[in-house]
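Q: Sequence:
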Amino acid sequence: MHNGFAARLLAPLGALYGASVARKAKTSRSYRAAIPVICVGNLTAGGSGKTPVAIAVAQALIARGARPFFLTRGYGGNVRRAALVTQSDSAAQVGDEALLLTRTAPVIVEADRAEGAALAEAQSAGIIVMDDGHQNFGLRKNLSLIVVDGQTGFGNGRMIPAGPLREPVAQGLARADAVIAMGEGMPDLGGFAGPVLRARLHADGETLRGRKIFAFAGIGRPEKFTDSLRQAGAIITGAKFFSDHHPYSAREIAALRTAAGNALLVTTEKDLVRLAPEQRTGIAVLPVRAVFDNPAGLARLLDRVSPAV
2 MHNGFAARLL APLGALYGAS VARKAKTSRS YRAAIPVICV GNLTAGGSGK
52 TPVAIAVAQA LIARGARPFF LTRGYGGNVR RAALVTQSDS AAQVGDEALL
102 LTRTAPVIVE ADRAEGAALA EAQSAGIIVM DDGHQNFGLR KNLSLIVVDG
152 QTGFGNGRMI PAGPLREPVA QGLARADAVI AMGEGMPDLG GFAGPVLRAR
202 LHADGETLRG RKIFAFAGIG RPEKFTDSLR QAGAIITGAK FFSDHHPYSA
252 REIAALRTAA GNALLVTTEK DLVRLAPEQR TGIAVLPVRA VFDNPAGLAR
302 LLDRVSPAV
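Take any residue in the sequence shown, note its place counting from 1, add 1, and you have its number in our numbering.
Quick caveat, the hints were computed from the structure, so don't treat them as lab data.
Some hints could be false.
Listed next, with one range per pair, are the computed distances between beta-carbon atoms [said to hold, decoys possible]:
| id | residue 1 | residue 2 | range |
| --- | --- | --- | --- |
| 1 | A256 | L17 | 39 to 49 Å |
| 2 | G192 | S91 | 18 to 28 Å |
| 3 | N263 | I63 | 16 to 26 Å |
| 4 | A23 | G283 | 41 to 51 Å |
| 5 | D304 | G283 | 40 to 50 Å |
| 6 | G158 | A26 | 15 to 25 Å |
| 7 | R24 | G47 | 15 to 25 Å |
| 8 | E185 | A300 | 15 to 25 Å |
| 9 | A260 | A26 | 21 to 31 Å |
Below, computed lysine to aspartate or glutamate pairings styled on DMTMM-like, alpha-carbon distance capped at 20 Å [to be verified]:
| id | residue 1 | residue 2 |
| --- | --- | --- |
| 10 | K241 | E270 |
| 11 | K213 | E224 |
| 12 | K213 | D228 |
| 13 | K25 | D113 |
| 14 | K241 | D228 |
| 15 | K213 | D189 |
| 16 | K27 | D178 |
| 17 | K25 | E116 |
| 18 | K241 | E253 |
| 19 | K27 | D113 |
The beta carbon of each residue, even a glycine, is placed where N, CA and C say it ideally should be.
Please construct the entire structure, taking both the sequences and the accompanying hints into account.
A: This is how it looks when you write it as structure tokens:
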């Protein structure tokens, strides 16, 4: 994000952006669903690890006998009304995150969260897990979890477009029930009084240990990906990064194969679902999952909305 002079120049626009979120919070009419709603959101634009956390939350709910449905806006897709994601859908239709989430639980894509919640209720969902939406006020939340990257925190402390923040930190944390810090480090939470949990991304890269690989990704924080590959013992011969949610063309994949040479092409699960089936041949993935340092702490939060059976 911007630093120095550029950030100061864009700061007034950032202030307007944050003010617009505050205005929506006060004036929006929120739909109250008949089932509990858990929102896994963040205060910054991309790269905090909220999707792996949302998956971990849904898995914990399933383990306690609940029937969670994911609700996501379907960023990068072209669906224009509430829809239940199917195995035949593509990333171009419903977005990459929706396809990744559907491996764990049913997924509904809808920018209008109230409409999406209504469809989830019609589909007999037991609880809704929103992947993103802390700054969306169309649906009332029963539990709001804020995910923050422990190392990068809130960046330069400025709001979009001057920095990474979607709203002022104090403003966003005032609506949070808990904070989940991902990885090492801890940003200044300004005296936040709620529970603060620690979680980490665990990569299953045993099959890549000692192998020469060429990494590529189009995600918010690609350096996290390469760090995980190194920790897994992979030998990175080269890397190519694209913008977040990048739609890959056949020409780009061919160029990546050429650049890799004899090395194995490796990408993220989120990137793989954006590839056409015929493009995936010979491309490996590095699966990652969010692991909580204190699972009991997460369980206590979930007890508020979904008691264990």
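Q: Run every hint past the structure and note whether it holds.
A: Tested hints:
no.	hint	result
1	A256 to L17: 39 to 49 Å	40 Å, holds
2	G192 to S91: 18 to 28 Å	45 Å, violated
3	N263 to I63: 16 to 26 Å	42 Å, violated
4	A23 to G283: 41 to 51 Å	49 Å, holds
5	D304 to G283: 40 to 50 Å	46 Å, holds
6	G158 to A26: 15 to 25 Å	20 Å, holds
7	R24 to G47: 15 to 25 Å	23 Å, holds
8	E185 to A300: 15 to 25 Å	24 Å, holds
9	A260 to A26: 21 to 31 Å	46 Å, violated
10	K241 to E270	16 Å, holds
11	K213 to E224	18 Å, holds
12	K213 to D228	15 Å, holds
13	K25 to D113	14 Å, holds
14	K241 to D228	14 Å, holds
15	K213 to D189	39 Å, violated
16	K27 to D178	18 Å, holds
17	K25 to E116	18 Å, holds
18	K241 to E253	11 Å, holds
19	K27 to D113	18 Å, holds
Against the hints set out earlier in the document, violations occur for numbers 2, 3, 9 and 15.
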